[in-house]
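All chains, full assembly: derive it from the sequences and hints.
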Amino acid sequence: MNPHVTSVDDRPSRARQGDLSAFNELVIEHQTLVYNLCYRMLGQAQAAEDSTQEAFVAAWRNIASLRGENFRPWILRIAANLCRDELRRRVRRPSSSLDCALEAGVPEPPDDDPDPEDTALTSELRDRLQAALMQLPENQRTAVVLCDVEGLDYTEIATLMRTSLGTVKSRIARGRLKLREILRREPELLPGRFRPEP
Amino acid sequence: MGWFGRNEHDEERLSAYLDGELDARQAESVERHLASCHSCTALMDELRDVHAMLSDLPELEPPRSFVLGPEYAQEPSRPAAAPPRRFTFAMAPAAALAVFVALVLVDVGNFSTSNDGALETVALRAMEREADADDLQAAGAASMAPPAMDAAEGPTTAGGVGAAPAEADGAGEAARTNDEEPSIANAGTLSTAEEPRPGIDPVIEPTQRESDDGAGLSTLRILQIVALVALLASGFYVFALPRFTRGGSQP
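The listed protein sequences derive, respectively, from chains A and B. Residues 1 to 198 (the working numbering) make up the first sequence, in order. Residues 1 to 251 (the working numbering) make up the second sequence, in order.
Heads up, a few of these hints could be off.
Stated by the list, open to error - For the chain A half of the interface with chain B, some residues (derived, Cβ under 7 Å), not all of them: (1) 36; (2) 39; (3) 49; (4) 60; (5) 71; (6) 91; (7) 129; (8) 136.
As the list claims (entries may be wrong) - One side of the interface only, derived from the structure: several residues of chain A facing chain B at Cβ under 8 Å: (9) 23; (10) 139; (11) 159.
Note that these hints are calculated values from the structure, not bench results. For clarity, every value in this text was computed on a predicted model and none was experimentally measured. Ideal Cβ placement from N, Cα and C applies to all residues, glycine included.
Put into structure tokens, the structure is as follows:
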């Protein structure tokens with residue numbers, strides 16, 4: 001890398017001019033973020049992998065639409081929209097009991113990298129949390145995942161979801177409270193500090 | 001400011017406070033309130049708990065690399081094709097308007113002349129349009145085109161007869177590139193087939209003459225209505241519908 005390169009990232013504009021290697025650098029940089037968004041939205045490892053792939057392919061094919069925008073919100077919007085479409089397809093298809101079981105609570109992918117410092121959440125709680133996420137309406141789930149899991153701020157989320165700040169605020173608040181309500185049904189799963197007071 | 005119970009505003013405000021999304025004045029107000037309100041303090045704790053759990057979810061490693069292979073290097077030429085497609089599609093309302101105006105002018109010309117020869121010409125043209133539109137309806141029914149696009153193709157095909165051929169080709173191409181169905185692509189070629197069909201003409205012509213004289217629902221009137229519907233439908237598709245489509249490929 002050129003040590004004198006400025007802080008302005010020229011890879012998006014190079015990608016727009018057809019530079020696939022510049023685009024692929026952006027893919028490498030953002031694929032973890034996109035994959036995690038897709039997984040938290042769809043609840044299935046295979047579906048998340050498919051949607052991530054689809055998102056980057058769609059991004060490359062529509063690279064002309066990436067104008068002044070930063071790559072991150074742009075690719076996240078593409079991924080979130082694909083996940084929304086996939087969720088709607090699932091609703092239309094008659095769901096088998098297997099589908100319901102898959103959506104209700106899916107163990108995380110086996111190649112999950114265990115964080116040795118992550119002692120707060122047991123594997124069971126992680127599964128329950130993901131299952132609870134799947135019970136949120138798609139809009140609330142998107143907003144909560146983007147805010148609480150991916151760490152985006154309200155303005156970024158509003159731009160990404162093409163809605164107002166007020167709507168984002170509302171979706172996040174309602175999503176969080178609904179998750180809390182779902183998790184309260186099995187309080188013994190919650191670590192000590194999370195348990196509701198008697 | 002005193003809050004006397006929970007409502008949606010309280011929850012949203014606390015949630016936004018948790019995320020640091022309130023300005024200094026609002027944040028200060030929330031802190032003062034929390035100092036004295038047990039109910040809201042409990043709610044605040046619940047929101048914090050959920051937020052903490054979610055951020056404690058581990059970041060998953062992607063199962064593989066999603067880098068695009070070299071076979072994708074050819075594809076950026078396609079985005080260049082996209083703007084012309086949008087441009088052509090946007091021509092559809094203009095083409096439909098032109099066709100509608102043309103049909104109205106024909107109608108005006110029809111009433112202003114009492115010449116039988118002119119009537120016969122109009123009847124002949126209307127009948128050809130009807131025959132072409134019937135063929136196109138049959139082709140359209142076999143495809144999976146949305147109904148509005150079917151209506152759009154009727155007058156655009158008819159427009160190939162009366163209106164400028166360039167506009168009809170543009171609209172036909174709009175239908176073609178939008179739909180990419182071979183049966184719809186035939187619309188472009190159908191519009192150029194202007195010869196009257198021997199089997200059909202003698203049967204329809206007398207009826208057409210009579211209906212054009214009177215104030216009844218003539219073929220011309222039907223085509224005007226269809227053109228108007230096509231104008232409204234294509235206008236909706238071009239101007240209003242994009243607002244509802246997903247934003248993935250739009251800035």
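Outcome of the hint check:
Because the beta carbon of residue 36/A sits about 5 Å from the nearest beta carbon in chain B, less than 7 Å, this interface hint is met. A hinted interface residue such as residue 39/A counts as satisfied when its beta carbon comes closer than 7 Å to some beta carbon of chain B; here the least separation is about 6 Å, so the hint holds. Interface hint status for residue 49/A: upheld, as the beta-carbon distance to the closest one in chain B is roughly 6 Å, under 7 Å. Residue-level restraint check for residue 60/A holds (minimum Cβ-Cβ distance to chain B is 6 Å; threshold 7 Å).
Checking residue 71/A against chain B by beta carbon gives a least distance of about 13 Å; that is not within 7 Å, so the hint is violated. Among the interface hints, the one on residue 91/A is violated; its C-beta lies about 16 Å from the nearest C-beta in chain B, farther than the 7 Å criterion. Restraint check, residue 129/A versus chain B: the minimum CB separation of about 6 Å is within 7 Å; hint holds. For residue 136/A, the shortest C-beta to C-beta distance to chain B is roughly 11 Å, which exceeds 7 Å, and the interface hint is violated.
Of the supplied interface hints, the one on residue 23/A holds, with its beta-carbon coming within about 7 Å of a beta-carbon of chain B, less than 8 Å. A distance limit of 8 Å between C-beta atoms decides the matter here; for residue 139/A the minimum to chain B is near 14 Å, and the interface restraint is violated. Taking 8 Å as the C-beta contact cut-off toward chain B, the hint placing residue 159/A at the interface is violated, the least distance being around 10 Å.
Hint check: violations occur at hints 5, 6, 8, 10 and 11; the rest are consistent with the structure.
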